[in-house]
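Enquirer: So the protein sequences, as listed, match chains A and B.
So the first sequence is numbered by this note's numbering: it starts at 1 and just counts up by one.
So the second sequence is numbered by this note's numbering: it starts at 254 and just counts up by one.
Among these hints, one or two may not hold up.
Estimated spans, in silico, between C-beta atoms of each pair [to be verified]: (1) B:Lys415 to A:Asp57: 25 to 35 Å; (2) B:Met384 to A:Tyr19: 51 to 61 Å; (3) B:Ala408 to A:Asp79: 12 to 22 Å; (4) A:Lys117 to B:Trp324: 31 to 41 Å; (5) B:Ile296 to A:Asp145: 44 to 54 Å; (6) A:Lys117 to B:Lys566: 41 to 51 Å; (7) B:Pro365 to A:Ile80: 27 to 37 Å; (8) A:Asp57 to B:Lys566: 46 to 56 Å.
Source of the hints: derived by calculation from the structure; they are not laboratory data.
Note that CB positions come from ideal geometry on N, CA and C, so glycine has one too.
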Amino acid sequence: MNNNIKMLTDTFDFYYGDYHALHDISLEFYANKVTALIGPSGCGKSTLLRCLNRMNDLIPYSRAQGKILLDGEDIYDPDIDVVTLRLRVGMVFQKPNPFPKTVFENVAYGLRVNGVKDKSQITERVEKTLQQAALWEEMKDRLHDSALSLSGGQQQRLCIARALAVEPEILLMDEPCSALDPIATQKIEELMLELKLSYTIIIVTHNMQQAARASDITAFLYLGKLIEVGETDAVFTRPKVKQTEEYITGQFG
Amino acid sequence: MDEQIIRNTRNGLIPFIRMKEDIKRKNIRHKKIKGRRRIMQGIIFSLFRFSAAVNGIALVIIVYFLVARGWTAITWTFLTQAPMDSMTKGGILPCIIGTICLSVGAILVAFPIGVASAIYLHEYARPGRMMRIIRLGINNLAGVPSIVFGLFGLAFFVVWLKLGVSMVAGALTLGAMTLPVIIGASEEALRAVPDTYREASLGLGATKWQTTYRVVLPSAMPGILTGAILGISRAAGETAPIMFTAAVFYTPSLPSSIFDEIMALPYHIYVLATAGTEIEATRHLQYGTALVLIVLVMGLNLLAILYRSRLRKRMS
Numbered sequence: 001m002n003n004n005i006k007m008l009t010d011t012f013d014f015y016y017g018d019y020h021a022l023h024d025i026s027l028e029f030y031a032n033k034v035t036a037l038i039g040p041s042g043c044g045k046s047t048l049l050r051c052l053n054r055m056n057d058l059i060p061y062s063r064a065q066g067k068i069l070l071d072g073e074d075i076y077d078p079d080i081d082v083v084t085l086r087l088r089v090g091m092v093f094q095k096p097n098p099f100p101k102t103v104f105e106n107v108a109y110g111l112r113v114n115g116v117k118d119k120s121q122i123t124e125r126v127e128k129t130l131q132q133a134a135l136w137e138e139m140k141d142r143l144h145d146s147a148l149s150l151s152g153g154q155q156q157r158l159c160i161a162r163a164l165a166v167e168p169e170i171l172l173m174d175e176p177c178s179a180l181d182p183i184a185t186q187k188i189e190e191l192m193l194e195l196k197l198s199y200t201i202i203i204v205t206h207n208m209q210q211a212a213r214a215s216d217i218t219a220f221l222y223l224g225k226l227i228e229v230g231e232t233d234a235v236f237t238r239p240k241v242k243q244t245e246e247y248i249t250g251q252f253g
Numbered sequence: 254m255d256e257q258i259i260r261n262t263r264n265g266l267i268p269f270i271r272m273k274e275d276i277k278r279k280n281i282r283h284k285k286i287k288g289r290r291r292i293m294q295g296i297i298f299s300l301f302r303f304s305a306a307v308n309g310i311a312l313v314i315i316v317y318f319l320v321a322r323g324w325t326a327i328t329w330t331f332l333t334q335a336p337m338d339s340m341t342k343g344g345i346l347p348c349i350i351g352t353i354c355l356s357v358g359a360i361l362v363a364f365p366i367g368v369a370s371a372i373y374l375h376e377y378a379r380p381g382r383m384m385r386i387i388r389l390g391i392n393n394l395a396g397v398p399s400i401v402f403g404l405f406g407l408a409f410f411v412v413w414l415k416l417g418v419s420m421v422a423g424a425l426t427l428g429a430m431t432l433p434v435i436i437g438a439s440e441e442a443l444r445a446v447p448d449t450y451r452e453a454s455l456g457l458g459a460t461k462w463q464t465t466y467r468v469v470l471p472s473a474m475p476g477i478l479t480g481a482i483l484g485i486s487r488a489a490g491e492t493a494p495i496m497f498t499a500a501v502f503y504t505p506s507l508p509s510s511i512f513d514e515i516m517a518l519p520y521h522i523y524v525l526a527t528a529g530t531e532i533e534a535t536r537h538l539q540y541g542t543a544l545v546l547i548v549l550v551m552g553l554n555l556l557a558i559l560y561r562s563r564l565r566k567r568m569s
């Protein structure tokens, strides 16, 4: 196994106005690994995730301090183009949010906005991406149906396909299964195992079992601070910090 | 299947049925309270239903009134000829054409500016003093009486910009009056587009403009069109704003350019009913004109509604 650092946060702080949401976070994300961010609601794990592709820029009066490096480059550097950054760091959201367009157009969207005009190239890419998201067999006859007519699990896998279509290097997943039933959840977890061969995956989850099953590295956040990080097995079986143990054994959270 | 039923019976269904029976028994015991509550609810809902019905009733009465009194005036001549004999005979074609031109012109002015303003306010502007001032301006614009718009149009478009009393001056005045309606409806429609669409699009490396143009606007379009419908109806029916800016008492010719003065339905009704020489003799013409105006407005609304529902269908 390689242990290349794909992305890292270096003494990173984040504020919503006066509210200090993230304190001094230094965390490494390795290539081709699934890193799970866990912690009780409001601990800052989603905030951290959304800092990694600067999605928090959209929130007025928010402010970042410190560095986040992607392949050694600071993504908060003023010279960085946010649009290109988000192409490299894709995102899947908590609730499935396909556009009110057809299945095909949803997957093709990222290509189209990035200037791909060639029809056959788009068609090919859509098919390949749907296959990658294990959705091709189900979708090949429904490409021109509205994405809103799919089931929740299918919609979420479509959103993953949509994110993969632009060939990102990192995939951020913000509680991608919280709105799904166990079977759909299982499918997405299987998909993650598949995808980590070619991508770096960072997932926020409320579900301890999911973190334990699907991730290689687990980071536990509490009140905006990084409490513990390590190999998932180690964190779940021999947590070093008492708070981590209490959280994963369900004593608070 | 049978197994399923047996399992249901054992675990869920029977207890569930029992529970329902319990609830029934309880209801009987508390019938008095429920009765009083039910009456209260009945009264309140009847009031609501009545209020809702008033809308429909008002429309029916208005239309009935116009049809009953104006029906006789509607002839082929009436719809295709210019007024004759000091407007006591002939038709209202110039007025129909004039009102259509003014409404379409007003929408052409107000729709792009209104939608663009709403996009700026909702998608781009950062909240702050500037935005509060603009908002205050829009809200006040909505409250300005239409006659004031008429005077403004006269002073600004007709005199200062030297457009003269003309179709373009009237359309610009009506457009200015329609703006707040369109901005309000468009902003409302933009607000209804879930933020998750915007995030998903930005997350795919789309720029803010691409996100607005390709995802947000199409989703908001049905709502924006509702605003346009309201706007166009208002523009078509207004008299005061066009009185000094576009409409004339009488002109037999149809407009040949946007700088021509024109006749318009609402102003024509006003003229016939107050300033004509034969007010009583032209009553049926007045009602006939009003009927044409209301049919025209409803027709415009219908077109927009059909288009809107087609958009909605295509999206879901």
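Enquirer: So, for every hint listed, does it hold in this structure?
Expert: Evaluated hints:
no., hint, result
1, B:Lys415 to A:Asp57: 25 to 35 Å, "violated (48 Å)"
2, B:Met384 to A:Tyr19: 51 to 61 Å, "violated (23 Å)"
3, B:Ala408 to A:Asp79: 12 to 22 Å, "violated (51 Å)"
4, A:Lys117 to B:Trp324: 31 to 41 Å, "violated (58 Å)"
5, B:Ile296 to A:Asp145: 44 to 54 Å, "holds (47 Å)"
6, A:Lys117 to B:Lys566: 41 to 51 Å, "violated (28 Å)"
7, B:Pro365 to A:Ile80: 27 to 37 Å, "holds (34 Å)"
8, A:Asp57 to B:Lys566: 46 to 56 Å, "violated (36 Å)"
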